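> Single-letter residue listing:
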Amino acid sequence: MRRLVILGGGTAGTMVANKLRAAYPPDELHITVVDRDDDHHYQPGYLFLPVGIYSEDKIVRSRHHFIPDGVELVLAEIDRVDAAAKAVHLGDGRSLEYDTLVIATGVEPRPDLTPGADHPDVHHFYDLPHSLALANAMKEFSGGRLIVHLTDMPIKCPVAPLEFTFLADAHFRERKSRKKVEIVYVTPLDGAFTKPIASRELGQMFTERDIRLEPDFAVERVDTEAKELVSYDDRRVPYDLLVSIPLNVGPEYVARSGLGDDMNLVPCDQHTMRSLEHPDIFVLGDGGTLQTSKAGSVAHFSVDVFMENWPYYIAGRELPHKFDGHANCFIETGHGKGMLLDFNYGTQPYTGGFPFPGVGPMTLLGESRSNHLAKLAFRFVYWEFLLRGRPLPFTTDMHLLGKKIEGEASGTANKDLVLGLLKRHPAPPTTTAKAAKPSARKPAARKPSSPQRAGGPKTPAASRQSAGPVPDYVPIVAVDSTADPSTILPDPIIPKF
Amino acid sequence: MPTTRIGGRAIDVNDEGFLTEYSQWDENLAPILAGYAGVEDLTDEHWKVLRFLRADYPARKETATLRRVASVGGFDMKELFRLFPGKPAKKMAYIAGLPKPKGCV
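Same order as they appear, the protein sequences are chains U and B. Residues 1 to 497 (our numbering) are what the first sequence spells out, left to right. Residues 1 to 105 (our numbering) are what the second sequence spells out, left to right.
If you are wondering where the hints come from, they were derived from the structure by calculation, not from laboratory data. On a predicted model such as this, the values are computed, not experimentally measured, just so you know. Mixed in with the good hints there might be a few duds.
[Claimed, not checked] With the C-beta cut set under 8 Å, the calculated list includes, among others, these residues of chain B facing chain U:
1) ILE11
2) VAL13
3) LEU66
4) VAL72
All C-beta atoms, glycine included, are put in the ideal place defined by N, C-alpha and C.
Chain U on its own, in the form it takes in the complex:
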């Protein structure tokens, strides 16, 4: 019997537990989920608390409620993972041995990593207590300068700071006090968003709403005495009410276990979510190094790919299914409207329409009421479908149908859009989930994978090496482009600095 331990009972961990439990009986796969408490938070809801759209009771439910029968839920702190011994040591002294480990503990907001940012007057909405405190501060705020500040990327739900800014604008307009409030969006990026077309469209929306953008701002500290944000190049931005999205880093146990990079993120394959160090560790949800959004949609799409690969994994074979980085994000823009971004590793968000089977067209990178309603409806979808591993009317692969393409793009255009919802790939040759099980129990079936296990067990110190220290610099002799000489532009293209 294979022992699977899932660290974290949040969005990704709960989804995986449900999907694997449905596919394999308990006598073949023993599943344990570890989390520190029994509160499952609907994290997108934090955004709505400060502007009075949601109340707290819509956000928290019991984790037990969503963990299926036949899955053990262990409530304890995680002390560390011993990847060499394949064991998880818990804070209460217990240990759990595993054959496969899923790290789904995500990232956490850490205001304490920026001097001054953990002061009670510095707000954010990345956990429940801070979101509730911000709700009070917003109620009491009678006018002055509101700063919405992003400390650094990556953060969970990278569009949330923009959404908060739009919702705050709408909130003060509806209360007829917008004229007394100056709103400034301060970001380390060179525009409103990371991707050029979205950045352009969103920048436009800032202008229309009289929101000032302060780009390229690398915060050094918050001066809470003077009420100023201070950057490394000594720029100062004064505030009356400060909402500062903290640095998001992985949990400390990841660092203690020698599994993380400088942000405590676990380096993982971009397409299979498998740890680069340890073939029996997978990283699902926000805690890895996927170069796409840290968002529930990514957790969902990548878990689908993980499930497709699972029969191959337990058979010791190569993992054939590749995650494409697909993310889709609803952006609340205020006044009952919303917009939708849809993108992947190769394709930035475009304008256009999103063919949403069974629901109807949604507007991409443009505002509409249907986008807003879809976002509100998503809370129900989250609790009732997503966490429980029930199928949703979204595709895992990103499609280009309906998008106005500018520049380069990758994705699935037109073909199989609707049929693709039902089955994206042909079934594995001999291995549907069920068919793969017998071979998984044969010890010989796992043998072929052992040469790939990077020379057997590794110590945490060894794993720290590749995640931490950098190889020595070695000068290289450059090669020229092999492009057709007639296509070479005579002048360089110089970026805007």
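Given chain U, work out where chain B should sit, using these hints.
This is chain B only, laid out in the frame that chain U set:
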């Protein structure tokens, strides 16, 4: 992806002008790119940072963020802003012939 001529050589770049091939950069190219980025003189201090970025890139396939240059490379953040004023992350990456740091999304 366009190909342009930089320092008399054919170099592949993206639409924004950042080099796309790690192997097409060498130390002779850096001063030319530095000029385009408004960094007039490459001092030893600049070179230490550029060499860190070049050494860090191949294993991670990702340009170090400013935070990583400071925390892992051991450089002082204020110093980085002095060396590459305004937009240090973007300028360092460009001069080192690496992609613009994504900051993911």
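> Compare the structure with each hint and give your call.
Hints versus structure:
1. A cut of 8 Å between beta carbons decides the hint on ILE11(B): the least distance to chain U is about 6 Å, and the hint holds.
2. Interface restraint check for VAL13(B): the shortest CB-CB distance to chain U comes to about 6 Å, inside 8 Å, so the restraint holds.
3. Look at LEU66(B): its Cβ gets to within about 6 Å of chain U, closer than 8 Å, so that hint holds up.
4. A distance limit of 8 Å between C-beta atoms decides the matter here; for VAL72(B) the minimum to chain U is near 5 Å, and the interface restraint holds.
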